[in-house]
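Protein chains: 2
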Amino acid sequence: MEDKVSDSLGRDGGQDVIFRDARREDVPEIVALLADDVLGAGREGDLDDAYWAAFELVEADPRNRLTVAEVNGTAAGTLQLTLIPGLSRHGMLRAQIEGVRVAADYRGHGLGRRMILWAISEARRAGCGMVQLTSDKERTGAIRFYESLGFTATHEGLKLVL
Amino acid sequence: MEDKVSDSLGRDGGQDVIFRDARREDVPEIVALLADDVLGAGREGDLDDAYWAAFELVEADPRNRLTVAEVNGTAAGTLQLTLIPGLSRHGMLRAQIEGVRVAADYRGHGLGRRMILWAISEARRAGCGMVQLTSDKERTGAIRFYESLGFTATHEGLKLVL
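So the protein lines, in turn, are chains X and V. Position 136, counted from 1, in the first sequence is what our numbering calls 136; the numbers after and before it change by one each time, with no gaps. Residues are numbered in our numbering as their position in the second sequence, beginning at 1, plus a constant of 1000.
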C-alpha cells in the first residue's frame, strides 16, 4: 500500500504530483476536500470517530486505496480506488472510483485528469478489465470530463439511502 | 459467511427461498445464470480458470458476498453484495449490488424483488447508509423495478472497458 508514483504535470506547469496512499494524518485534509463541494458540503460533518473508523477500515483493506494527490506538500486532490472481484464478464476484476475531489486552488489545471489517468493506470496494473464510477447527474461538467477520458454513460446509477 | 436466511415467498406461492453464500459447486450454475441474459450472453465464456480464480477471490474477501437464492435445491437467482468503506458522507459504509440474475423459469414471480429486499436488509444489518447499483440503460424494465423498490436514478453510471 506504499506504492508511490511521482508524476510530472509536464508542459502544463511543471509541478510534481505525488500519488500516494492516504495516511492517518491526511484525514482532516481529505474530509475538508470532501466538504468543499456543492453537493458534498451538506453531507459531511465534524471530524469525529466516524471518519477515523472509516479510515481504519479502508487502510486495512487491500482492495481499497484512499489516495492523495500531493502537490507542494499539500493534499491537492483525493480519490478512492476499490477493486471488486466477481464472476461476471468471465471473472473480470473491476475497479471503482469514489470520492473524487480536487482542492479549489488546483481546479482547472488538469490535476483531476491526471488523477483519473493515474487511477486507470493502477486499475490496469492490478489486472482490471473495467473502471467504473457514478457521477451525480447535476455534475454536468464532471460527466463531460469523464466522457473526455473515454468513459461512457451506458448505465443508470441508482442509489437508495437507508 | 455462512449466514443463511430462510424466507418464504408467502402468499405469492409459498415456495421457500434460502439465501446463502455461494459454494464452489455453485459456480457452474451461477455462470449459466450470468450467461442467460440478453446483455450477458456475449460477455461470458467457457467455464475456465478465470471463473474459478474469481470465485476464490470473492470467497476469501469478507466484504464481498456472492449470494445464491436457492429454491427447491436449485440456484434460482444470484447477486453479489460488496461493502465499501470510505470517508465520504461522514464515513458512511456503502453496499453495492452487482451481477443480479434470476433464472428464466423463476422470472415474473417476485423472486428478484425478494432478492433485492434481502440485500437491502443485509446492507442495513452491516451498518450501511446506502445501497447502490448500476443498471444498463437498455434494461428499462430493471430500472423501473429498482425504482419501485425505492432506488432513485440520481447518477450517471460511467464505464471504461480496459
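No lab work stands behind these hints: they were computed from the structure. Keep in mind that the hints are not guaranteed to be accurate.
[What the hints assert, rightly or not] Lysine-lysine pairs mimicking DSS-like chemistry, simulated, CA-CA at most 25 Å apart:
(1) 1137(V) x 137(X)
(2) 1159(V) x 137(X)
(3) 1137(V) x 1159(V)
(4) 159(X) x 1159(V)
(5) 159(X) x 1137(V)
(6) 159(X) x 137(X)
[As the list claims (entries may be wrong)] To be clear about the criterion: a stretch of chain X counts as covered by chain V if any three or more of its residues have a C-beta under 8 Å from a C-beta of chain V, and this derived list gives those stretches:
(7) 73-85
(8) 117-124
[To be verified] Some but not every residue of chain V turned toward chain X, in silico, with C-beta under 10 Å:
(9) 1021
(10) 1030
(11) 1061
(12) 1108
(13) 1110
(14) 1151
No residue lacks a Cβ here, since even glycine has one placed at the ideal position from N, Cα and C.
Structure-based check of all given hints:
1. 1137(V) x 137(X): Since the Cα atoms of residue 1137(V) and residue 137(X) sit roughly 14 Å apart, the hinted pair holds (cutoff 25 Å).
2. 1159(V) x 137(X): Distance of about 15 Å is within 25 Å: holds.
3. 1137(V) x 1159(V): Distance of about 12 Å is within 25 Å: holds.
4. 159(X) x 1159(V): holds, 17 Å
5. 159(X) x 1137(V): holds, 15 Å
6. 159(X) x 137(X): Roughly 12 Å between the alpha carbons, so the hint for residue 159(X) and residue 137(X) holds.
7. 73-85: Holds: 4 residues of the region 73-85 of chain X have a Cβ under 8 Å from chain V.
8. 117-124: holds (count 3)
9. 1021: This hint is violated: residue 1021(V) lies away from chain X, its Cβ roughly 13 Å from the closest one there, beyond 10 Å.
10. 1030: Nearest chain X Cβ about 6 Å off; hint holds.
11. 1061: Check passed: Cβ of residue 1061(V) comes within 7 Å of chain X, closer than 10 Å.
12. 1108: violated, 21 Å
13. 1110: Since chain X brings no Cβ nearer than about 19 Å to residue 1110(V), farther than 10 Å, the hint is violated.
14. 1151: Since chain X brings a Cβ to about 4 Å from residue 1151(V), closer than 10 Å, the hint holds.
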